[in-house]
Amino acid sequence: MPRMNMIQAINNAMDTCLARDPKVLIFGQDVGYFGGVFRATDKLQERHGLQRVFDAPIAEGGIVAMAVGMGAYGMRPVVEIQFADYIYPGADQLISEAARMRYRTAGEWWSPITVRAPYGGGIFGGQTHSQSPEGIFTHVAGLKTVIPSNPVDAKGLLIAAIEDDDPVLFFEPKRLYNGPFDGHHDRPVKPWSQHPAGEVPEGHYTVPLGKAAVVREGAAVTILAYGTMVHVALAAAEDSGIDAEVIDLRTLVPLDLDTIRESVEKTGCCVVIHEATLTCGFGAELAALVQQHCFYALEAPVERVAGWDTPYPHAFEWDYFPGPARVSAALRRAVER
Amino acid sequence: MPRMNMIQAINNAMDTCLARDPKVLIFGQDVGYFGGVFRATDKLQERHGLQRVFDAPIAEGGIVAMAVGMGAYGMRPVVEIQFADYIYPGADQLISEAARMRYRTAGEWWSPITVRAPYGGGIFGGQTHSQSPEGIFTHVAGLKTVIPSNPVDAKGLLIAAIEDDDPVLFFEPKRLYNGPFDGHHDRPVKPWSQHPAGEVPEGHYTVPLGKAAVVREGAAVTILAYGTMVHVALAAAEDSGIDAEVIDLRTLVPLDLDTIRESVEKTGCCVVIHEATLTCGFGAELAALVQQHCFYALEAPVERVAGWDTPYPHAFEWDYFPGPARVSAALRRAVER
Amino acid sequence: MSLADPDPQRSPLSLHIPEPTSRPGIAPDFSTMRIPAAGACPRPGIDVQPGDIRDLAFGLIRVLDDEGQAVGPWNPMVDADTLRRGLRAMMLTRAYDERMVRVQRQGKSSFYMKSTGEEAVAVAAAMALDRDDMCFPTYRQQGLLVAREWPLREMMNQVYSNSGDLLKGRQMPVFYSSRKARFFSISGNLGTQYSQAVGWAMASAASADTRISAAWIGDGATAEGDFHYALTFASVYRAPTILNIVNNQWAISSFMGFAGGEATTFAARGLAYGLPALRVDGNDFLAVYAVTRWAAERARANLGATVIELFTYRADGHSTSDDPTRYRAAGEKDAWPLGDPIERLARHLTTLGEWDADRHAALAEELAAHVREEGRASEALGTLGQSPQLDRASMFDDVYKDMPPHLVLQRAQMLEGN
Amino acid sequence: MSLADPDPQRSPLSLHIPEPTSRPGIAPDFSTMRIPAAGACPRPGIDVQPGDIRDLAFGLIRVLDDEGQAVGPWNPMVDADTLRRGLRAMMLTRAYDERMVRVQRQGKSSFYMKSTGEEAVAVAAAMALDRDDMCFPTYRQQGLLVAREWPLREMMNQVYSNSGDLLKGRQMPVFYSSRKARFFSISGNLGTQYSQAVGWAMASAASADTRISAAWIGDGATAEGDFHYALTFASVYRAPTILNIVNNQWAISSFMGFAGGEATTFAARGLAYGLPALRVDGNDFLAVYAVTRWAAERARANLGATVIELFTYRADGHSTSDDPTRYRAAGEKDAWPLGDPIERLARHLTTLGEWDADRHAALAEELAAHVREEGRASEALGTLGQSPQLDRASMFDDVYKDMPPHLVLQRAQMLEGN
Ligand SMILES: Cc1ncc(C[n+]2csc(CCOP(=O)(O)OP(=O)(O)O)c2C)c(N)n1
Ligand SMILES: Cc1ncc(C[n+]2csc(CCOP(=O)(O)OP(=O)(O)O)c2C)c(N)n1
Ligand SMILES: [Mg+2]
Ligand SMILES: [Mg+2]
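Protein chains in written order, with this note's numbering: chain Y, 94 to 430; chain D, 94 to 430; chain Z, -1 to 416; chain U, -1 to 416.
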């Protein structure tokens, strides 16, 4: 099976969709001739033509608006926001328009659009190239939010997102593009080619939206994670020697609550982790759901480990990032209840 | 003491600040000559002059941007977003700029701005005149969020917000402008003039940001509420006959966790209510905090009663609104644990 | 705290706040308004270079002169039947508006917005476009639906949120949507449709389709970012679309000076992006028809977008929630120098010998009866809050294509009263 | 699914995607670029009506001719000392940029952005403005700081996020902020400073101050909503500000056609709002100085804002993360017909007899030594990640003016390793 890193898998997903469906169309800043600042659309313009893969003006609001209009026409646009930190000028078109188009027209129109954005910290990007804004959009009814943690999922989830008839935010943890970074920033990251999830099938396949994956079975505590934090969770389980069950949520909305509930009922405790700031992050929803649905199984409070409630500070990236040490400490607190 | 409804109290707060501080300046759509579509700035232009209270172009992004620039100059701008539903074009300037100005300049500049917006449903405003978007902004480090539930608080909190050197979102439950609407939409609402909180002192006073109020003492269950839902909580306590303690949070960020903790430790259970959609709403944060900080006191899961995860439907306003019947049912579930 | 003290050598700055020429108590004054004579503006070929017709952004294309004659190069030479259809659609729009305000006053709906005085803007455009061209309107272009003969009762059902409402009671009154009438869902958020229209047109072009889009925005809403996105993308990709700016002088209580109308025209916006920009008398049916045709032909010829400022006047309040007497001079509507679109078209037809007072009265009566009848048919399906047939459980539909588990659960909770 | 089938009677539409004239492998070609002669554009009085000078948005104001002579009405008649100060600041900016790229390559900082080829844009403006005027720059106007003699070591400390960094290591390199130099904090989010500058100017006017603001934006970023907000509000309230558009032909890999530059000039944007709009040779120090002066005088006279397009060329990569050889023709920089701002000013001074090769070489050497020295002083305070003096607990400061309880708690948690 071919081996791909995450950028290649994402590129391959778009390549596959462009080839299968003439209604798929890709645009965004620098995605055309250049192939994207992270190379996610490398060669796609060359392969599929100028009219299907092209550059866009620097106006995220306009980019999303065009996608909504094209979606109303009947296209299936896939747009790139160069960094998730720059999604806010597009917030209105996402929240007020794309998210509610099907509802407000009682199904006459809808927004089958996919908004891709490199996301998360770990590359010394400071406060405007490191953000994890998923918690803002998971609050909005009508949007779906997907965050992959590895190449094989990334391809299958992205194809599913593109083929989905609802608007999907697809956040790509940029720190994972080249390898399964686990938060041990002082160690070399092995490339995806040496990781089983770097084996990515050719051609068309999907990973269904709304289904989590148990990436490590364990009995002592459940860790709910997504994106980069899945690998941090695995590292923390290893480092701490605590037999954690690690769930990779993959899709935040709709959420796979069944898988979560099953695990927490088994382990009796739960640690929720994300890189986004703590307050009102998606972890709050997870903690609220877990305590509600698993109250009588819980032997300790649901712990949250997250980015601090500050902007992402350039020089203190590794003090900010919720790495394996902090997660391990939370695991210990959870099991030493 | 003068009696004021909530609009009058808000108007009076701005009048007071304009008179005291030449750096205060008010603008927004229709706020000048006309005095605002809800009359919040009635007569303020006449009293304080064209250059201090004026209309603005229909560009929420521009309005917030101007406020940020004026704040950098040294002014203390107060802007109105005509409906909270229209705040999204201003999201980028709020989230990327105002919220982080002090941080990114290490205190060289900051954004002492107040963004007022009528907010919440109950006036047949459909999905674009009814929203409660606080949960989006409470996730953003650097912003403060205030939501008053009555005239005397509204004036004191608004003055505190205007005088605060950090950016404050001030959401005004429009259904409360004329009286303490408690969700019994089929009953007449008594005017604020017949309510003790309609007694509003003249002149300058503040209600400090970050301090909740226990508006009803009770032993059986704690209800955490803000804005309109405070009155719904009181109605539900009455309707159900359950001895609920009702906490009016008043400020969401920073949050008065001490008051919450104290109450839940006493009652042993907690119902969190808001009008905003459930998923990832501020109630998620509250539930997460309560289960974390009061885990060993909790005898039942923290319940959340909130707007359904749909847009606000025009004709089904009262099926959508989390009224006293739904809150009462949650209270019963909580105490019949 | 200021950074430094003002320089005493220099005279202090001051902030300019625009003010309209009239307000309640100050008599309306349109005397400084420059109104070029009908027929005065040249009509270029559709393949003209935009840079060669910049003057049209500062003129005013008019066809009907004060005597009701159609004059000059922009005269679209429309036959009398078509003109009578236009007149009919404008009159029907006005009659419909009047009824819907009345029923709102009776508490049968929550809200309404009229287009009185601006009927030509929508009706003439609808008639100049193909029936398949896609419209992205604001709440004030109900005339498009009327001209496209979308049944009034469907519109009323929406206003009443009754059991016939195709939008299932979800939207505020007048936020129509009709895929069949190629009338895009109206958003409460000003301006968003404008940029979407460009996206739609780009998709049409990318699909080798032949259909174009047309969008409308109010003078006030041009200040939104979406306006800028629309013009930028339309210019960059030469999108086949028509970008109409309806300058009706007011945005609720703010006169168009707060959108930049003191400094230049709204048509001038088009120049910023190298787009052809036409400024037209929006109360002149023939002129609106002609410029729309011109822009449509240009778009269909793959020459890209056109910006059109429709200079008109909002003759009534902003909506039923509004009281314009609080901020507008009483006589402004009557002082408006460009007249009423219905009267002007009727006069023109009369001049042609194709219309007379009796036919006018008879038509008015017929339309009133039609509106009454449609109203009765619609009210039979209920009015706001009086329509038990509406299924409240449907409020969980269409949030997503397939209902996800959390909404299935919430729907059950609602039905159980939790 | 389309709404209907294309009309077979009509020819199908197609989507235009802009393409630059050259790419790697295609020789650069600026032959179609219209370059008016130096001295050819008229210079109106500052109280001119914007509508009377629309042509200036399509011309190119140039003072230095090909022989290095200053010609025409825009010649600002600056004395040789001032010119030498300008030359020095431009050369220092370039020398600084070169060092900072070198140290980035050595891993001492995470990132860097040069302004090579565009130094006149910032330096001439800084010199034409008052020291108290407030600048709202992008990341490519480091020349403002240099011209205002903000210490290089302070800039370096920021780039290194070292213990001397006044921004406490919080910001990515080059996102400077200096209240003392009246240089507003650079945002990572393109365009946001542009509208803020107008707010600042409005506040200055409302305070009867005498200071004005000036803002810069790239050609690419003009597509953002903030650009439109800036021009709209500046027009409506006649804000005393200067709105500079730095058209350096590229936005990372996208040529300026993707911001609308195929259809018209960027200066033309100003016409949309009734603002005076000047298009200027951005590599001509004297021309940039002159137009900035004109706009500043106009703003100070309470006549409002001016839009200036600075026509220049990004001679190097976008940033240290960029590789322009992947998308730009190799020889483009050398083919750029408007030359290099440093060479052109040096030549002019030489023509005046106020400069020569020896002095130039000596100055270059002096500046190189200065940069080296400042570099050493800054590096003594550490480089990225090598600056133990920085206090990580400070990362919780300044989120709010007073630290709220939840941040006090989080800071404690971090210090405890939780
Ligand atoms: C984004 C947004 N901001 C504010 C409003 C509130 N609002 C509704 S209509 C209106 C005035 C619009 O004026 P204009 O664009 O001139 O259109 P007109 O009503 O004159 O047809 C305003 C401010 C809104 N609906 N959406
Ligand atoms: C809102 C936003 N969108 C995208 C980016 C990513 N980005 C950084 S610089 C840049 C190109 C800017 O080009 P231009 O405005 O022409 O300025 P130049 O770099 O040429 O000086 C882009 C797309 C960003 N920083 N902010
Ligand atoms: Mg208007
Ligand atoms: Mg550029």
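No lab work stands behind these hints, which were simulated from the structure alone.
Note that the structure is predicted; figures quoted are calculated from it, not measured.
From the three backbone atoms N, C-alpha and C, an ideal C-beta is built for every residue, glycine too.
The reader is advised that the hints may include incorrect statements.
[Stated by the list, open to error] Pulled from the structure, derived: some chain Z residues nowhere near chain D, Cβ distances all over 12 Å: (1) Arg8; (2) Ala35; (3) Asp79; (4) Val101; (5) Asn160; (6) Lys166; (7) Gly218; (8) Asp320; (9) Asp321; (10) Arg326; (11) Leu336; (12) Thr348; (13) Arg357; (14) Ala367; (15) Arg390.
[Said to hold, decoys possible] Here are the simulated DSSO-like pairs of lysine-lysine, each with C-alpha atoms no more than 30 Å apart in a straight line: (16) D/Lys136 x D/Lys359; (17) D/Lys304 x D/Lys359; (18) Y/Lys359 x Y/Lys304; (19) Y/Lys136 x U/Lys399; (20) U/Lys399 x U/Lys178; (21) Y/Lys283 x Y/Lys304; (22) Z/Lys331 x D/Lys136; (23) Z/Lys178 x Z/Lys331; (24) D/Lys304 x D/Lys283; (25) Z/Lys331 x Y/Lys304; (26) Y/Lys283 x Y/Lys136; (27) U/Lys399 x D/Lys304.
Hints and how they fare:
At the 12 Å boundary, the C-beta of Z/Arg8 stays outside the reach of chain D, the nearest C-beta of that chain being 17 Å off. Even its closest Cβ contact with chain D, about 32 Å, leaves Z/Ala35 beyond 12 Å, as expected for a residue assigned away from the interface. Every beta carbon of chain D lies more than 12 Å from that of Z/Asp79, the smallest distance being close to 40 Å; the non-interface claim holds. Its beta-carbon lying about 15 Å from the closest one in chain D, Z/Val101 satisfies the requirement of being farther than 12 Å from that chain.
The beta carbon of Z/Asn160 sits about 8 Å from the closest Cβ of chain D, which is not more than 12 Å, so the claim that it is off the interface is violated. In this structure Z/Lys166 is not separated from chain D by more than 12 Å, as the shortest Cβ-Cβ distance comes to only about 8 Å. At roughly 5 Å from the closest C-beta of chain D, the C-beta of Z/Gly218 falls inside 12 Å, breaking its exclusion from the interface. For Z/Asp320, the condition that its CB be more than 12 Å from all CB atoms of chain D is violated, with the nearest at approximately 8 Å.
The Cβ of Z/Asp321 sits about 10 Å from the closest Cβ of chain D, inside the 12 Å cut-off, so the non-interface label is violated. Z/Arg326, annotated as away from the interface, has a beta carbon of chain D within 12 Å; the closest lies near 10 Å. A cut-off of 12 Å between C-beta atoms confirms that Z/Leu336 is not in contact with chain D; the least separation is 24 Å. For Z/Thr348, the requirement that its beta carbon stay farther than 12 Å from each beta carbon of chain D is met, with the minimum near 40 Å.
Taking the minimum C-beta to C-beta distance to chain D, about 40 Å, the non-interface status of Z/Arg357 holds against the 12 Å cut. Separation of Z/Ala367 from chain D is adequate, the least Cβ-Cβ distance of about 29 Å exceeding the 12 Å criterion. Not every Cβ of chain D is farther than 12 Å from the Cβ of Z/Arg390; the closest lies at roughly 5 Å, contradicting the non-interface assignment. The hinted pair formed by D/Lys136 and D/Lys359 fails the criterion: a straight-line CA distance of about 47 Å is larger than 30 Å.
As the CA atoms of D/Lys304 and D/Lys359 are separated by approximately 19 Å, the hinted pair is consistent with the 30 Å bound. In summary, the hint linking Y/Lys359 to Y/Lys304 is supported, as the alpha carbons are separated by about 19 Å, within the 30 Å threshold. Between Y/Lys136 and U/Lys399 the CA atoms are separated by roughly 49 Å; this puts the pair beyond 30 Å, and the hint is violated. Annotation: proposed proximity of U/Lys399 to U/Lys178 holds, straight-line Cα distance about 20 Å (limit 30 Å).
For the suggested pair Y/Lys283 and Y/Lys304, the alpha carbons sit about 27 Å apart, so the restraint of at most 30 Å is met. This hinted pair checks out: Z/Lys331 and D/Lys136 have alpha carbons roughly 25 Å apart, not beyond 30 Å. With a C-alpha separation of about 35 Å, the suggested pairing of Z/Lys178 with Z/Lys331 is violated against the 30 Å cut-off. Between the alpha carbons of D/Lys304 and D/Lys283 the distance comes to roughly 27 Å, so the proposed pair stays at or under 30 Å and holds.
Between the alpha carbons of Z/Lys331 and Y/Lys304 the distance comes to roughly 61 Å, so the proposed pair goes past 30 Å and is violated. With a C-alpha separation of about 26 Å, the suggested pair Y/Lys283 and Y/Lys136 falls inside the 30 Å cut-off, and the hint holds. For the hint pairing U/Lys399 with D/Lys304, the CA-to-CA distance comes to about 17 Å; that is within 30 Å, so the pair holds.
Comparing the model with each numbered hint stated earlier shows that hints 5, 6, 7, 8, 9, 10, 15, 16, 19, 23 and 25 do not hold.
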